[in-house]
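Colleague: Given next are the chains, with one letter for each unit.
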Amino acid sequence: MNSQSKKHPFLRFLSFLGVTLLCLALILVGLIWVLEKGPSPTMTGMFARSVRETSAIRWISTMFLSEEDLEQYKSVSTEDAATESINTSLIHVSRSAAASVEDSVEVVEIAEGTAKGKLLLVRDPKQVILGTSAPFVQQAGLQLTDMVAKYDGIAGINAGGFNDDNGLGNGGTPLGLVISEGELLWGSLDVGYNVVGLDGNGILHVGSMSGRQALDAGIQYGVSFVTHDGLSSSLIINGEVQYQNLGGGVNPRTAIGQRKDGAILLLVLDGRSISTLGASLEDVVNIMLEYGAVNAGNLDGGSSSVMVYGGEIINHCSSVTGPRRVPTGFIVLKAGDALD
Amino acid sequence: MHLIKSWGRFLLIWALILLLLGAAGCFVLYRYLGIYEVTRPDAVIAEYLSNTDAEELIRLAGDHVRLDVTEFEDAEALYSAYLDTVDLSRPLSFRAMTSQSSETQLVYLVRAGAYNLCTVVLEPDGDSPGFGRYYWKISEVRSAAITDILPSAQITVEALAGQPLALNGHPLTEDYITERDIEIPDLTPLELRMSPKPSLVRYRIGPLFGEISLTDENGTLLSPSEDSGDTELYYSTVTGNHSLKIHAPEDIELTVNGLVLGKEDISSSNYGVLEGLDAYTLDGAYQTCVYAFDGLHFQPSVSAKTSDGTELEAVKVNDSYWFFYPNDPELEEYVRLPVENFFNAYIQYTTRSFDATLFYNLISKVLPGTELHSYISITRETMAWAGSSSDDSSVSYDNFHQVSGTCFVCTARYSVDRTSKYWFDEVSTTQEGIYELAFVSTSGMWYAAGMNIISAS
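From first to last, the protein sequence lines are chains A and B. Take 1 as the starting number for the first sequence in the working numbering and just add one per residue. Take 1001 as the starting number for the second sequence in the working numbering and just add one per residue.
It should be emphasised that the hints constitute simulated quantities derived from the structure, not laboratory data. Fair warning: this is a prediction, and the values are worked out from it, not measured in the lab. Glycine included, C-beta positions come from ideal geometry on N, C-alpha and C. Where hints are given, some of them may not hold.
As the list claims (entries may be wrong) - Among chain A residues calculated to face chain B with C-beta under 8 angstroms, some are:
#1 V226
#2 G239
#3 I313
To be verified - Some residues of chain A that are not near chain B, with every Cβ distance over 12 angstroms (derived):
#4 S40
#5 K150
#6 L175
#7 G182
#8 L184
#9 G218
#10 G230
#11 Y309
Using the sequences and the hints given, assemble the complete structure.
Modeller: Next up, the structure:
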């Protein structure tokens, strides 16, 4: 027997590993039970919303919570599409704000509580366009580094949502609406969307509108985004926080905002890592307000959240398989290439 | 067999240790979450806001308002503007101000809609129940940074050196001058001859909060230049589009900003009100000279004096100055009656409903054959349409000056409240005018022979 055991050290290793993993799994289940059925409804809601926003692990939210239980933790958007629209007179685009080409874009390190990431300050809003991997469907999306290079830009962030069934999407099929150079590339003229886009004057529009209304508003570059819970992308409209849209848990986030002087704020917050679990939409809003945003919209977050600057990804991309392919991204052109 | 049993026992013990550690971890997490839930400062502030309305908050915050204002700002007006700006009917919300918070003091910014309302400060309430967390209570409500809400602007003013200006009603003193002796580009030939040459000074003030109004020496509100932004206001009082026109008898010495004008500066000249009266003016006729300058960068000061040094007062109409000879009181006493008779008849004729009597009364006081006679005669038809009445009038006379034994000139100013009837409508106006008049004597009677309307409204 002694010799038999010595002959099977691999079996010993397997049995040790199996027992350890089983115990860890049981412990994990215990931790999930504490989070879902523990004494803190606040934490239960945050945990439930966080996992629900992640396609691959949504099922965890129903391990110990029934659908009825989850209802009370679901984010509920009650945006009044009829009344909430941006007031363009609040934005005074000053293209002379950038003293030089080097001065036109600034990367700011963000560390607000548990939210960590990067904010790109683009002083001339006309430097920002929407890059796409059009014609979509027929081909996969582009990694953001490639998309920035395609437009000869200097920076970019991911933008709208895309079809990603079971986390297997190739980033080639947008969800919602895509407008580029004033043309509706994806979506319908008569369907309502939660739009985030820039008009010909460099003014950021956020709000609910149909494709036709978006084009009528002069939007040249726009996408739409809505969270898994159906939260609108509108975060701040005319300086007023759209609190009804601030559900969600903590996750990597991408957002775009605009100051009253027209400067565009491109924000990517990291998550799902040791350094930070992620940021809530409330964190996003607080950061946007702190940096003077008058209007701001939420974009596709999670493992899609990525920021490129100088040809490299400068945030901590949470996708375990590397940067994802995406159909759209807001691209920052070189100062001299800004649209007139 | 023994080894297998030993290995199995080891695995069992290992699993028990792991599970015990896991259970302990879960227990600690459970305990932590229990304490976390009851020590959430967000819950304290949320409950506070649910029981307090915006009016109450603004009152509490208002007790702590401290505004350091400059002489150009009014603290009360700023606070009032702030209250006007904030829409208290909007939903209240809050967010943590992490940069202003510490472990033992949490600061929350409370907003009403898009505007900051106040900051609420939380402090620990009792001992920590564990895990380094605390119960919290409201300790203070502070005014939000009002100046964050109100628009502010840095003011830059380029003005002529010595030009009196007022910012928000307060004189702009030299203390705010940051640059002197700035050359004015494209000075006109007249400005280049001035000594010292006009130059600019630059003022920098602010940033100032609230409304900004810059006025010049005449109280005229100045507008910021087009390249101003929300936070930078540029004013230039020197625009290069000023005009100056001076009308004065030929022997009057004129001085513009210290520069004495010469004959080369005369643009044109004529006999003015004495035109065509040669038979009466004799050798006393004089020309009225016109000095016209355009493209000036400022409105210069103008003075005049006669050959014997008597300073003259100008009649100023917009950018035009009119100078007349000084008043001769003896002449005025001698000829004032015919002047009054004529001018009163003129006012009555021009401001009342048409009446042939008024016309004949007026025309009888005008020398036949003169332009004035023709002028009044042809108005007869048109005056017939203007039914009007004058309620109150005031007339003054000045600048009586003997041209010759049979001719003198003077000025008349009037102000009359007039009600005119156009069809069925009544229009009330106040009419004012300044006239230069020439009278001649024939057959022992004084007749009006020339009239120059300097201004009339």
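Colleague: Next step is simple, just say for each hint if it's right about the structure.
Modeller: Hint check results:
1. Taking 8 angstroms as the C-beta cut-off, the interface hint given for A:V226 is violated, the closest approach to chain B being about 22 angstroms.
2. A hinted interface residue such as A:G239 counts as satisfied when its beta carbon comes closer than 8 angstroms to some beta carbon of chain B; here the least separation is about 3 angstroms, so the hint holds.
3. A hinted interface residue such as A:I313 counts as satisfied when its beta carbon comes closer than 8 angstroms to some beta carbon of chain B; here the least separation is about 27 angstroms, so the hint is violated.
4. Some Cβ of chain B comes within 12 angstroms of the Cβ of A:S40; the nearest lies about 4 angstroms off, and the non-interface call is violated.
5. The Cβ of A:K150 sits about 35 angstroms from the closest Cβ of chain B, beyond the 12 angstroms cut-off, so the non-interface label holds.
6. Remark: the non-interface label on A:L175 is consistent with the geometry, its nearest Cβ contact in chain B lying 30 angstroms away (cut-off 12 angstroms).
7. Distance to chain B confirms A:G182 as a non-interface residue, since its nearest Cβ pair spans about 28 angstroms, more than 12 angstroms.
8. The beta carbon of A:L184 sits about 31 angstroms from the closest Cβ of chain B, which is more than 12 angstroms, so the claim that it is off the interface holds.
9. Every CB of chain B lies more than 12 angstroms from the CB of A:G218, the least distance being 22 angstroms, so the non-interface label holds.
10. Distance check for A:G230 against chain B: the nearest CB is about 21 angstroms away, which clears 12 angstroms, and the non-interface claim stands.
11. No Cβ of chain B comes within 12 angstroms of the Cβ of A:Y309; the nearest lies about 25 angstroms off, and the non-interface call holds.
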